[in-house]
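**Q** Chains as they are written, first to last, in UniProt numbering: chain U, 1 to 220; chain C, 1 to 220.
No lab work stands behind these hints: they were computed from the structure.
Be aware that one or more of the hints could be misleading.
Note: identical chains are not told apart, hence a pair may lie in one copy or across any two.
[Said to hold, decoys possible] In silico DMTMM-like links for lysine to aspartate or glutamate, alpha-carbon gap of 25 Å or less:
| hint | residue 1 | residue 2 |
| --- | --- | --- |
| 1 | Lys-151 | Glu-68 |
| 2 | Lys-126 | Glu-178 |
| 3 | Lys-181 | Asp-217 |
| 4 | Lys-57 | Glu-147 |
| 5 | Lys-56 | Glu-147 |
2 protein chains.
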Amino acid sequence: MHLSFVFLAKPVLHGYFRSSCSWRVRIAFALKGIEYDQVPVNLIKDGGQQLTEQYKKLNPMLQVPAVEIDGITLCQSLAVIQYVDETRPGPRLLPADPQKRAQVRMISDVIASGIQPLQNLHVLQKIGAEKVQWAQHFIDRGFQALEPILKQTAGKYCVGDEISMADICLVPQVYNAERFKVDVGKYPTINRLNQTLLEIEAFTVTNPSCQPDTPADLRA
Amino acid sequence: MHLSFVFLAKPVLHGYFRSSCSWRVRIAFALKGIEYDQVPVNLIKDGGQQLTEQYKKLNPMLQVPAVEIDGITLCQSLAVIQYVDETRPGPRLLPADPQKRAQVRMISDVIASGIQPLQNLHVLQKIGAEKVQWAQHFIDRGFQALEPILKQTAGKYCVGDEISMADICLVPQVYNAERFKVDVGKYPTINRLNQTLLEIEAFTVTNPSCQPDTPADLRA
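Next comes chain U alone, as it looks inside the complex:
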């Protein structure tokens, strides 16, 4: 049964306010004007609510996000973002031009495969005492690659002058970099793009500082 174009119910995002991959999905939903419900999954409380048998059915990787949408459950944020782009109206999240689409996917994957997985919670728990230096190393290494790529592809945003999935990935990764005290000022293109994007409503209303599960002491 295909429900792709029927939209019977609002999508449900199982996520965590501070998870960069959950934030990516929130930005995509906001840019597309998609209403959705949020179910918080606290990655810290009770030893990690993502580790329960119940949550495992939603995302067997035991990570956030998981998204229930149109009768299926998806994990992996870039799969979710491209699915809503292909099934919902609103501004394109990937450009029409195949070469620009490829550049958007390349930048997104430098972040989603080359940086974020190396500084996520489970990995840092395994690293232990050296975790801050570990995270800094991989974020710096990734940003050293992103900076020259973005210098070539960027206009007002990561690829040309239209907001895309690459921008959706960039801002939450810069947020992570700042949490780990990486000096983002060393990367002028990344820094400039991040500042520009942070002014846009879809990025502000989805910020970790103002989500339903943001603890009171971290609220902006």
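Go by the hints and put chain C onto chain U.
**A** The following block gives chain C in isolation, referenced to the frame of chain U:
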């Protein structure tokens, strides 16, 4: 200038026989019937040929593959695979149905973001003495998630009965698992799909055991 549909020159794949991400691109090219040139980048010799200033211009992440195609240079294998799928004739590498496309991307990203980055060369070099146990942990953790996902989505191949990008990611990851002595037999669906796919020409002719840069003692 758009060269996307002009194909002036053969694509050039800068890769390494044993790199699973290079193998993904080789499979995609083979399935699509795309002729290409290979330039070997030896990840071990001379301290790693991917670390040279010359190679850095092709892939600033200092990883393989990098692909020169239609006048642009792309890194990140899934961006390359989707680019050739969108610009070349031949069998589709992503299904037409949006929900199946999303499942293909989800499975591909579980591997490309959730497993491979944690067992790549640079990470294992940083881990040092514990590297085999580290790689086994992350491959097993990923396969424990992949197995129930594939049980739901698979037909003859990872998603239904058509070969897709998910299959292109699966086989090289199983190859890595075997290199690190993970018991793939624990994952019956993964194992069955891998065996089926290994019979297909696009997977055999691109195998690490028979590439131009495969050392004589590793040749099949």
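**Q** State for each hint whether it applies.
**A** Hint check results:
1. Taking CA atoms no more than 25 Å apart as the test, Lys-151 paired with Glu-68 passes between copies only; the shortest distance there is 18 Å, against 37 Å inside one copy.
2. With identical chains, the CA atoms of Lys-126 and Glu-178 are at most 25 Å apart both within one copy (21 Å) and between copies (23 Å).
3. With identical chains, the CA atoms of Lys-181 and Asp-217 are at most 25 Å apart within one copy only, with a shortest distance of 20 Å there and 47 Å across copies.
4. With identical chains, the CA atoms of Lys-57 and Glu-147 are at most 25 Å apart between copies only, with a shortest distance of 12 Å across copies and 38 Å within one.
5. Taking the shortest Cα distances, Lys-56 and Glu-147 sit within 25 Å of each other only across copies (13 Å), while inside one copy they are farther apart (36 Å).
The structure meets every hint from the earlier list without exception.
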